[in-house]
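Protein chains: 2
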Amino acid sequence: MAQNDPATLDSVAARAGVSRQTVSNVLRHPTRVADATRDRVLDAIRESGYRPSLPARQLATRRAHAIAVRAERQQDGISGLVLDAFYHGLAEAGQHNGLRVLLYPQPEDEAAEVATIDELVHTGAADAVVLTATSADDERPAHLRDNGTTFCAFGRPWGHDDAPHDWVDVDGAVGTSLAVRHLLDSGRRSIAYLGWPGDGAEPSTGSDRRRGWLEVVGHAALGAPVEAHSLNDAAAAQAAVAELLGRPDAPDAIVCASDTLALGAHRAALAAAGAGAPVTVVGFDATPVAAALGLASVAQPIDQVAHLCIDLLTGRFETPDRPARGLLVPPVLRLPS
Amino acid sequence: MAQNDPATLDSVAARAGVSRQTVSNVLRHPTRVADATRDRVLDAIRESGYRPSLPARQLATRRAHAIAVRAERQQDGISGLVLDAFYHGLAEAGQHNGLRVLLYPQPEDEAAEVATIDELVHTGAADAVVLTATSADDERPAHLRDNGTTFCAFGRPWGHDDAPHDWVDVDGAVGTSLAVRHLLDSGRRSIAYLGWPGDGAEPSTGSDRRRGWLEVVGHAALGAPVEAHSLNDAAAAQAAVAELLGRPDAPDAIVCASDTLALGAHRAALAAAGAGAPVTVVGFDATPVAAALGLASVAQPIDQVAHLCIDLLTGRFETPDRPARGLLVPPVLRLPS
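From first to last, the protein sequence lines stand for chains V and Y. In terms of the numbering used here, the first sequence is residues 74 to 410. In terms of the numbering used here, the second sequence is residues 74 to 410.
Keep in mind that the hints were calculated from the coordinates and are not lab data. Check each hint, because a few of them may be wrong.
[Said to hold, decoys possible] Residues of chain Y placed beyond 10 Å of chain V at every Cβ, according to the derived structure:
#: 1; residue: Asp108
#: 2; residue: Asp182
#: 3; residue: Glu183
#: 4; residue: Ala206
#: 5; residue: Ala246
#: 6; residue: Ala315
#: 7; residue: Arg389
#: 8; residue: Gly399
#: 9; residue: Pro403
[To be verified] Here are some, though not all, of the chain V residues that point toward chain Y, as calculated from beta-carbon distances under 8 Å:
#: 10; residue: Val91
#: 11; residue: Val106
#: 12; residue: Glu145
#: 13; residue: Ala158
#: 14; residue: Arg173
#: 15; residue: Gly197
#: 16; residue: Leu336
#: 17; residue: Gly349
[What the hints assert, rightly or not] With beta-carbon atoms standing in for the labels, derived distance ranges:
#: 18; chain 1: V; residue 1: Glu288; chain 2: Y; residue 2: Asp325; range: 47 to 53 Å
#: 19; chain 1: V; residue 1: Gly232; chain 2: Y; residue 2: Asp325; range: 31 to 37 Å
#: 20; chain 1: V; residue 1: Asp210; chain 2: Y; residue 2: Asp325; range: 52 to 58 Å
#: 21; chain 1: Y; residue 1: Gln147; chain 2: V; residue 2: Arg135; range: 32 to 38 Å
#: 22; chain 1: Y; residue 1: Ala309; chain 2: V; residue 2: Arg119; range: 45 to 51 Å
#: 23; chain 1: Y; residue 1: Asp394; chain 2: V; residue 2: Thr81; range: 24 to 30 Å
#: 24; chain 1: V; residue 1: Asp234; chain 2: Y; residue 2: Pro403; range: 50 to 56 Å
#: 25; chain 1: V; residue 1: Ala344; chain 2: Y; residue 2: Gln147; range: 45 to 51 Å
#: 26; chain 1: V; residue 1: Ala87; chain 2: Y; residue 2: Pro403; range: 53 to 59 Å
#: 27; chain 1: Y; residue 1: Ala346; chain 2: V; residue 2: Asp234; range: 51 to 57 Å
#: 28; chain 1: V; residue 1: Glu181; chain 2: Y; residue 2: Arg395; range: 47 to 53 Å
#: 29; chain 1: Y; residue 1: Ala309; chain 2: V; residue 2: Asp182; range: 43 to 49 Å
We put the beta carbon where it would ideally sit given N, CA and C, even for glycine.
With these hints in hand, go ahead and build the complete structure from the sequences.
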């Protein structure tokens with residue numbers, strides 16, 4: 074267990090035969106120090122194994138060298154995996170950029186979340202936030218801007234296209250268009266959509282996913298598009314699809330806005346098919362549930378989104394008054410193995 | 074965007090009519106300050122909205138007020154959800170105890186992980202680590218102890234029962250015994266086990282889960298116990314169970330060491346059953362996949378584990394030389410809805 078005392082600014086200074094201030098200058102303002110002196114100090118740092126303390130560095134640079142992200146309370150759990158991958162991507166990209174990733178537990182509501190973030194940033198625990206699960210009536214971005222908080226959203230500023238903040242999102246319309254094209258290639262001719270209530274009424278994740286389906290189905294000119302809507306709950310989705318499959322214009326395939334909806338749709342399809350082949354269901358998010366059921370599903374490139382969020386934030390730290398930037402990443406269709 | 078300048082130690086001191094040192098004493102050593110002075114300073118802090126800077130507090134207390142946990146690279150994804158819940162629980166329990174939660178990306182191997190943790194702790198970014206995914210041949214605990222790093226493991230010190238560190242784990246044997254009892258109550262009489270290779274050979278998560286099955290099956294005296302083993306992969310599990318179900322002593326139920334194994338077992342059971350009823354499969358981890366397949370599964374109380382890890386760490390911070398403590402938490406059996 075015995076260890077040498079950890080090296081300090083003072084012991085490095087003594088080893089190099091310079092003042093403590095000179096060591097500090099080498100670390101923070103190396104150009105102010107003569108080459109020969111700088112080399113001697115750097116040698117002493119290496120030999121002693123000195124590592125500047127993070128709190129000291131934070132005080133000196135007035136930067137936390139950390140970003141914060143919300144640890145989500147569990148919902149139905151099916152989409153949970155997307156966040157696991159997001160956390161890993163942020164931690165990895167953060168590490169490459171000298172940024173630590175802090176988790177804060179999901180607060181009760183948006184106001185409490187803004188207060189939590191404000192606390193983290195103004196006490197110097199984090200320099201910026203990655204905002205998740207944005208929506209059209211989201212009040213967090215405006216409050217964060219008012220507080221002068223640096224942030225990047227995973228999710229578009231739905232309905233606020235002129236919003237002056239950085240964001241990264243996955244192009245949901247591309248995802249559902251890939252699903253429809255795959256079904257057309259597989260010989261399906263009546264491809265319905267199962268979305269969430271209110272899809273299409275205003276800009277939202279759901280509207281975006283519905284749009285990709287509608288565009289390709291409309292372009293293929295295969296008759297009036299059929300759709301159903303359900304809360305993001307497997308039992309509700311199953312009931313909605315059971316009704317859809319009982320109609321005279323029952324589809325032969327269903328593109329769903331989530332894997333939770335796809336699970337319900339798949340159950341309804343199995344029940345309606347009896348001994349025959351069920352209608353084909355395609356999900357969204359490529360969760361293990363879709364894989365376990367043998368369903369194709371649209372996969373969000375979550376790792377890429379995480380890396381881009383970190384890129385935008387590090388760019389923002391370097392150039393705080395840079396114009397806001399939004400990046401849309403295309404997903405892929407993952408077929409069952 | 075306009076805001077008043079944030080309050081500082083100096084502005085609080087001026088408002089209270091005391092020295093900067095007195096404000097600092099009120100914050101860090103309140104008993105050293107006369108009651109009347111302390112009240113005046115606390116009023117000034119409240120009125121000014123002063124929040125001590127985290128880096129300053131870290132330097133003053135020589136504590137990071139943060140713990141670190143690994144952001145897992147994805148494996149098969151099915152068990153991913155358990156970690157989502159763990160992260161949320163840590164962030165929530167940490168917040169209640171004034172501890173932030175830092176994520177570090179899963180390093181290449183154990184040596185790299187120990188180096189990462191060492192860096193986090195010795196640069197003052199974290200005070201301690203919550204270690205995940207422990208195993209019998211895990212070299213991390215011994216190295217962390219040698220480095221003098223405070224940590225709590227989620228997972229037992231398999232085969233090192235005298236290990237002097239804190240840990241929390243879920244009692245897997247209780248989990249599988251609940252599964253077997255449920256199956257006996259449901260009229261099953263030949264209950265097999267599907268585990269991982271090497272289960273039972275040395276202390277491990279798998280051996281522990283197998284033991285719970287074996288004890289109850291043995292106690293019920295229903296003939297020679299039948300078991301199969303497979304890597305944690307659905308296709309491999311399906312092949313192992315297909316073989317099992319073709320034997321003369323084929324079981325009428327299978328308790329599995331994971332939901333990934335349960336997925337494979339379920340597929341084999343469906344294939345073997347044809348139009349009849351498939352053998353009953355019970356999983357472990359209560360993931361969305363088990364729920365989607367309609368399988369019972371053992372649920373780990375992850376939120377409780379996270380809170381207990383934080384409890385052990387905060388207790389350790391207060392009493393660094395307290396004896397090591399291990400806590401075993403019983404799981405529950407979650408039936409399909």
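Here is what the structure says about each hint:
1. Asp108: Holds, because the least Cβ-Cβ distance between aspartate 108/Y and chain V comes to about 27 Å, which exceeds 10 Å.
2. Asp182: It holds; aspartate 182/Y is separated from chain V by about 16 Å at its closest Cβ, greater than 10 Å.
3. Glu183: At about 17 Å from chain V, glutamate 183/Y clears the 10 Å cut-off, so the statement holds.
4. Ala206: holds (14 Å)
5. Ala246: holds (25 Å)
6. Ala315: holds (17 Å)
7. Arg389: holds (16 Å)
8. Gly399: The claim stands: glycine 399/Y keeps its Cβ more than 10 Å from every Cβ of chain V (closest is about 21 Å).
9. Pro403: Since the minimum Cβ distance to chain V is about 20 Å, proline 403/Y lies beyond 10 Å and the statement holds.
10. Val91: violated (22 Å)
11. Val106: violated (23 Å)
12. Glu145: holds (6 Å)
13. Ala158: holds (6 Å)
14. Arg173: Cβ of arginine 173/V sits 5 Å from chain Y, so the hint holds.
15. Gly197: holds (5 Å)
16. Leu336: Status holds, d = 5 Å.
17. Gly349: violated (14 Å)
18. Glu288/V to Asp325/Y: 47 to 53 Å: holds (51 Å)
19. Gly232/V to Asp325/Y: 31 to 37 Å: Roughly 56 Å apart at Cβ, these two residues miss the hinted range, so it is violated.
20. Asp210/V to Asp325/Y: 52 to 58 Å: Given range 52 to 58 Å: holds, Cβ gap about 53 Å.
21. Gln147/Y to Arg135/V: 32 to 38 Å: Since the Cβ atoms of glutamine 147/Y and arginine 135/V sit about 36 Å apart, the hinted range of 32 to 38 Å holds.
22. Ala309/Y to Arg119/V: 45 to 51 Å: holds (49 Å)
23. Asp394/Y to Thr81/V: 24 to 30 Å: holds (25 Å)
24. Asp234/V to Pro403/Y: 50 to 56 Å: For proline 403/Y against aspartate 234/V, whose Cβ atoms are near 52 Å apart, the range 50 to 56 Å holds.
25. Ala344/V to Gln147/Y: 45 to 51 Å: violated (32 Å)
26. Ala87/V to Pro403/Y: 53 to 59 Å: Holds - the Cβ-Cβ distance for alanine 87/V and proline 403/Y, about 56 Å, lies within 53 to 59 Å.
27. Ala346/Y to Asp234/V: 51 to 57 Å: holds (54 Å)
28. Glu181/V to Arg395/Y: 47 to 53 Å: The hint (47 to 53 Å, Cβ to Cβ) is violated, given that glutamate 181/V and arginine 395/Y are roughly 35 Å apart.
29. Ala309/Y to Asp182/V: 43 to 49 Å: Cβ of alanine 309/Y to Cβ of aspartate 182/V: about 46 Å, so the range 43 to 49 Å holds.
Of the hints listed earlier, those the structure fails to meet are numbers 10, 11, 17, 19, 25 and 28, in rising order.
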